[in-house]
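Trainee: Sequence:
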Amino acid sequence: MTRNLLLFAILLMGGCRQPSAQPGTTPNPTPVTSTLRSVASFPVGAAINPSLLTGKPLYRQTLETEFSSITSENHLKMRQVHPEKDRYDWSGGNTIVDFANQTGKRMHGHALVWHQSVPDWVTQFKGDSLAWENLLRDHITTVVKQYKGKIASWDVVNEAFLDDGTLRPTLWLQNLGPGYMARSFQYARQADPAVKLFYNEYGQEYSAKKLAAVLAMVADFRKRNIPIDGVGLQMHTNIDHPDAQIENAIRQTAATGLLVHISELDVRVNQAKTANFSPTDALWQRQKAKYQAIATAYRTIVPPAQQHGITTWNVSDADSWIPSFCQCNDFPLPFDKDFKKKAAYDGFLTGLKP
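Sequential numbering from 1 applies to the sequence shown in this note's numbering.
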């Protein structure tokens, strides 16, 4: 009797066993969701600001999931970081740099010298050329040393050329002459011998004269052994801009042999700057195509050793600078205001894939 009960129990347990996979088959794997950073062979970044980082959980979550590089949108610019002659404010910069370092993301600094971000004490500064030189040198040296070892690359000079290829008449040019640009790079290199140094500019894709001026500056710097490691193409563009012009700017910049960074990417859809604009499905698809075209051009034209990456200028449409700049509705980024992936995201993802 005992033997029969034992056999019955064994049979019963066998009947409860889960069916196993058939011989020669493998279980279906858990689907892996692709992200921008997971498909790209180079860094994919976003410019950010600290209030959004600490105040929007989805903002931080999207950054952690999708991006591998971080740029400070505003808080390392002179007006924010050096508001008074004898006072630096590191709070915003520290929040961003610490986030990047703690989450294993590359940190790109922006920007040491930019004419549109100077504090009042600088615009009101009175002094001879030596005093101005000391001001410039001390600012660059202090900021770069503050983040030495934490920031991998810097935009040293930003937007120094006009569309006609001439130097922009900034207070730096007026008080120090054209040599201020080269010396800015030298001061940055002295402050951190390991950091990568970039010149950053907008409009090379639509202004042949500006593109030529930037390339001539690079050639001059290299001839004179002025330290420069890369060029940033901001790429604030739109759905109508010809792909051929974008490709030309990327190709000519890559021909310098320097690192190439698409540094501030966004793609506008509201060309007429209509106040109550709402995109159609057709416009969304054109934005998708433009993101894909730009990512593909960068990936295929720039040699891998020169690919510093592609950075979007913030994360979601709600956080973009463009609506306040144009006083109109626009939706230029890959994520909508709720951080949902747009068609533009899909185009960007496709263009990034090797």
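Check the hints yourself; a few may be wrong.
With a Cα cut of at most 20 Å, we get these calculated EDC-like pairs of lysine to aspartate or glutamate [to be verified]:
id	residue 1	residue 2
1	K353	D220
2	K342	E64
3	K126	D86
4	K340	D98
5	K105	D86
6	K148	E64
7	K340	D281
8	K209	D163
9	K145	E64
10	K105	E64
11	K145	D240
12	K337	E247
13	K337	E64
14	K341	E64
15	K196	D98
16	K105	D138
17	K150	D229
18	K196	D229
19	K341	E247
20	K145	D163
21	K150	D86
22	K273	E247
23	K56	D240
24	K196	D240
25	K145	D192
Hints are computed from structural coordinates only; laboratory data are not their basis. All values reported here derive from a predicted model rather than from experimental measurement.
Trainee: Is K145 close enough to E64, meaning Cα to Cα at most 20 Å?
Mentor: 27 Å, violated
Trainee: Tell me if the straight-line CA distance from K196 to D229 falls inside 20 Å.
Mentor: Holds. K196 to D229 sits at ~6 Å (cutoff 20 Å).
Trainee: Can the restraint linking K341 and E64 be considered satisfied, given a maximum Cα separation of 20 Å?
Mentor: 15 Å, holds
Trainee: Need the status of pair K341, E247: alpha-carbon distance at most 20 Å?
Mentor: Violated. K341 to E247 sits at ~26 Å, over the 20 Å cutoff.
Trainee: Does K148 pair with E64 here, judged by a C-alpha cut-off of 20 Å?
Mentor: Distance ~23 Å between K148 and E64 Cα, so the pair is violated.
Trainee: So if I understand the rule, the pair passes when the alpha-carbon distance is 20 Å or less; does K150 with D86 pass?
Mentor: 23 Å, violated
Trainee: Hey, K56 versus D240, does the alpha-carbon distance stay inside 20 Å?
Mentor: Judged against 20 Å, a Cα distance of about 32 Å means the pair is violated.
Trainee: Regarding the pair K337 and E64, is the alpha-carbon distance no greater than 20 Å?
Mentor: This hinted pair holds, its Cα atoms lying about 17 Å apart.
Trainee: Going straight from one Cα to the other, do K105 and E64 come out at no more than 20 Å?
Mentor: Since the Cα atoms of K105 and E64 sit roughly 9 Å apart, the hinted pair holds (cutoff 20 Å).
Trainee: Could you grab the alpha-carbon distance between K145 and D192 and see if it respects the 20 Å cut-off?
Mentor: 7 Å, holds
Trainee: Is it true that the CA of K273 sits at most 20 Å from the CA of E247?
Mentor: Violated, because 26 Å separates the two Cα atoms, which is more than 20 Å.
Trainee: Starting from K340, check that the Cα of D98 is at most 20 Å away, please.
Mentor: 26 Å, violated
Against the hints set out earlier in the document, violations occur for numbers 1, 4, 5, 6, 9, 11, 12, 16, 19, 20, 21, 22, 23, 24.
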